Amino acid sequence: MSDHPAPASAAEPAEAPKKRSTDPRALEARRKFLKAAAVGAGVVGVALSGAVPVLRGDKKRLRPPGALDEHDFLAACIKCGQCVQVCPVNALKPADLLDGFGVGVPYIEPRKQACDVACDVGQCILACPTGALVYHRPEFFPPQPHSEVPQKPVLLAKKADPEPTLNFTQRMGLARLARPEACLSVKGEGVKGSARGENFHGKHRYAEVDRWTPQPVREHEYQLDRCDLCVRECPIEGAISIEEKPGPDGAARFTPVVHEACIGCGTCEMVCPAEPAAIVVDARATWEGAS
Amino acid sequence: MNRTLEGLRVLFGAEPRKPAPEEISPKAKEIHAAKKFKKKDFEAMEGHIQSHRAKKTWRNRRWATLIFVNLLFVASYWIDVQLVEGSLSGSRFLGFHMIDLNSALQLMLAHKHLIVNLFIGTATVGLVYFLVGGRTFCSWVCPYHFLAEWAEKLHLSLAAKKLVKDHPLHRGLRVVLWATFGVLAYATGYTVYETISPTGIVSRALIYGPGLALLWVLALLAFEVLYSRRAWCRYLCPIGLTYGVVGTFSPVKVTYDLTRCFHEQDCRKVCLVPHVLDHVVKGRATEARIDVGPDCTRCGLCVDTCPSGALTFKISGITRNR
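Which chain is which? The protein sequence lines are A and B, in order.
Each step along the first sequence adds one to the number in the working numbering, with nothing skipped, and position 217 is 217.
Position in the second sequence counted from 1, then plus 291, gives you the working numbering.
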């Protein structure tokens with residue numbers, strides 16, 4: 001019917017055939033076929049190379065609230081960025097080429113801009129057209145053990161409201177005091193001025209200033225004799241507190257302690273004045289895994 | 292042979308079939324026989340062609356549409372117009388869900404679950420592109436197509452200087468890739484194709500800012516300029532095949548009028564998919580009027596180019612035959 005060569009012909013050694021070489025049209029068709037096979041293999045190869053960053057798992061991304069487990073999330077996300085568009089503080093970014101299969105999938109860099117959980121409804125979840133971000137896990141995607149907070153998180157900004165809770169319980173991650181030696185509170189140091197300096201572009205919802213509009217972190221100044229920003233700015237009730245614990249020298253130290261109510265929004269990591277942050281969010285960490 | 296089946300055969304990578312004499316309808320035969328051009332006619336035709344060279348009506352309409360649609364996405368985010376929020380893979384148009392068909396397919400195969408919004412969005416877009424012509428998406432909306440058209444101009448000017456040569460590939464490749472990416476999505480549970488989809492990458496780069504992923508797009512464009520003319524859209528892109536199938540029975544088509552055709556084949560030179568215009572070769576048209584097959588992107592370049600008006604757009608049930 002056409003000049004489509006049989007695949008078997010491609011497998012034969014190039015020198016062997018004698019009669020085929022006479023027909024230029026058959027030769028041309030054969031060349032077209034071989035080139036197509038090579039180009040096709042190249043394209044599939046490039047696409048599959050996207051597996052490398054995913055399988056290595058070296059970049060453990062903090063995903064938006066309500067994200068399915070990482071593998072399911074990458075499968076369910078259609079890479080449209082509607083979540084990116086609705087985020088009131090632009091915390092979400094679509095990932096780039098080096099994320100492999102995760103290209104175009106949203107993630108949060110909390111040190112630059114934490115998730116604004118106080119946006120209330122989880123606007124990114126509401127925007128997601130494919131169910132990659134969900135308020136409630138469907139029964140076929142049960143949550144990982146200890147990946148949910150025990151009770152619905154209470155938003156401090158809404159404490160006085162009749163319905164003060166968030167409408168999801170899935171953690172994004174879990175905060176951890178990674179460098180207690182750098183923690184200003186542990187060191188007994190204070191904060192004068194803004195938390196992150198003049199060049200920091202992140203925003204935070206300071207409920208006492210304006211519950212409905214996130215404010216630039218750099219415009220919010222403190223006069224504190226002992227830093228407690230991670231506790232002071234945490235949007236969730238009972239997620240973190242400062243407790244007196246004995247330090248390495250035996251003397252009592254005011255140490256931030258993360259509790260089970262933490263949902264991993266990253267606000268503490270964003271506002272931490274230490275550089276790099278003393279407290280960080282471990283993406284997708286579960287409570288059992290926390291020490 | 293049934294034109295629809297033939298169109299699908301060609302869409303899936305087969306070479307167009309030269310019709311046997313008995314397949315040509317009596318009316319078409321009559322017209323073929325009546326076409327005896329004299330030298331004078333050819334000279335007149337040449338003059339006619341020259342006078343038509345500048346015509347870019349449909350191309351300009353199409354580029355305006357393509358740029359407008361993509362700018363609408365950009366403006367919806369950047370200046371918060373909120374008409375189409377999202378990107379080409381998925382969006383809300385005035386609040387209604389729209390999901391790209393090929394992205395939806397990849398997602399369903401990888402994720403293996405279908406939620407209502409995704410279904411609504413996919414069905415809406417499927418219906419829209421069924422109505423406006425399937426691969427219409429490619430030439431009227433896809434931002435990569437626009438870039439590739441400029442790469443094609445560059446390729447053609449380099450080819451004219453004998454600096455590069457076009458290397459055609461077997462068109463069956465697109466079907467193989469479509470199936471391969473389908474199987475890969477299902478087997479790995481990742482939307483493997485989205486990793487390299489230049490449509491998705493360019494759309495997101497326009498809306499959310501450029502990134503390293505554009506290097507892949509540049510590599511594709513370089514390949515098209517230096518090695519194989521319009522390779523991605525012609526031989527590789529699974530999105531084109533998906534929309535091609537959707538547009539098989541679409542009412543919007545380019546239609547061919549044998550009586551007006553001078554068979555000088557300028558249309559095939561500008562066409563992204565010249566295999567759909569095989570019937571313009573003298574003696575091959577089986578009917579007096581032929582609708583161009585489903586691989587056609589309805590770009591209108593042939594309509595602009597045809598000096599004698601043998602190729603025109605038609606909407607079944609609305610456009611009357613002249």
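It should be emphasised that the hints constitute simulated quantities derived from the structure, not laboratory data.
Owing to the predicted nature of the structure, the values given are computational and were not obtained by experimental measurement.
Ideal placement from N, C-alpha and C gives every residue a C-beta, glycine not left out.
Any given hint could turn out to be false.
[Stated by the list, open to error] Here are the simulated DSS-like cross-link-like pairs (lysine-lysine), alpha carbons at most 30 Å apart as the crow flies:
hint : chain 1 : residue 1 : chain 2 : residue 2
1    : B       : K403      : A       : K60
2    : B       : K403      : A       : K93
3    : A       : K35       : B       : K403
4    : B       : K347      : A       : K35
5    : B       : K453      : A       : K59
6    : B       : K456      : B       : K605
7    : B       : K456      : A       : K35
8    : B       : K346      : A       : K35
[Stated by the list, open to error] Here are a few chain B residues that sit away from chain A, every Cβ distance over 12 Å (derived from the structure):
hint : residue
9    : A335
10   : R383
11   : D391
12   : H404
13   : L464
14   : V483
15   : E485
16   : L503
17   : G608
18   : I609
| said: Next pair to validate is K456(B) with K605(B); report whether the Cα-Cα distance is within 30 Å. | reply: Violated. K456(B) to K605(B) sits at ~35 Å, over the 30 Å cutoff.
| query | Taking 30 Å as the top limit, are the C-alpha atoms of K403(B) and K93(A) close enough? | reply | This hinted pair holds, its Cα atoms lying about 26 Å apart.
| Would the least Cβ to Cβ distance between L503(B) and chain A come out above 12 Å? | For L503(B), whose nearest Cβ neighbour in chain A is about 4 Å away, the distance does not exceed 12 Å, so it is violated.
| message | Please verify that the nearest CB of chain A lies beyond 12 Å from I609(B)'s CB. | response | Per Cβ check, I609(B) is outside 12 Å of chain A; nearest 33 Å; holds.
| 12 Å cut-off, C-beta based - A335(B) kept clear of every residue in chain A | 35 Å, holds
| task | Determine whether the non-interface label on H404(B) survives the test: each CB of chain A must be over 12 Å from its CB. | result | 7 Å, violated
| Is the straight-line distance between the alpha-carbon of K456(B) and that of K35(A) 30 Å or less? | 14 Å, holds
| Regarding the pair K346(B) and K35(A), is the alpha-carbon distance no greater than 30 Å? | 36 Å, violated
| task | For the pair we were handed, K35(A) and K403(B), check the Cα-Cα distance against 30 Å. | result | 34 Å, violated
| task | Grab the minimum beta-carbon distance between D391(B) and chain A and tell me whether it stays above 12 Å. | result | Non-interface label on D391(B) violated, nearest chain A Cβ at 8 Å vs cutoff 12 Å.
| query | Holds or violated: are the alpha carbons of K347(B) and K35(A) at most 30 Å from each other? | reply | 34 Å, violated
| query | Can we trust that R383(B) is non-interface, i.e. its beta-carbon lies farther than 12 Å from all of chain A? | reply | R383(B) is in fact no farther than 12 Å from some Cβ atom of chain A, at 7 Å.
Against the hints set out earlier in the document, violations occur for numbers 3, 4, 5, 6, 8, 10, 11, 12, 13, 14, 15, 16.
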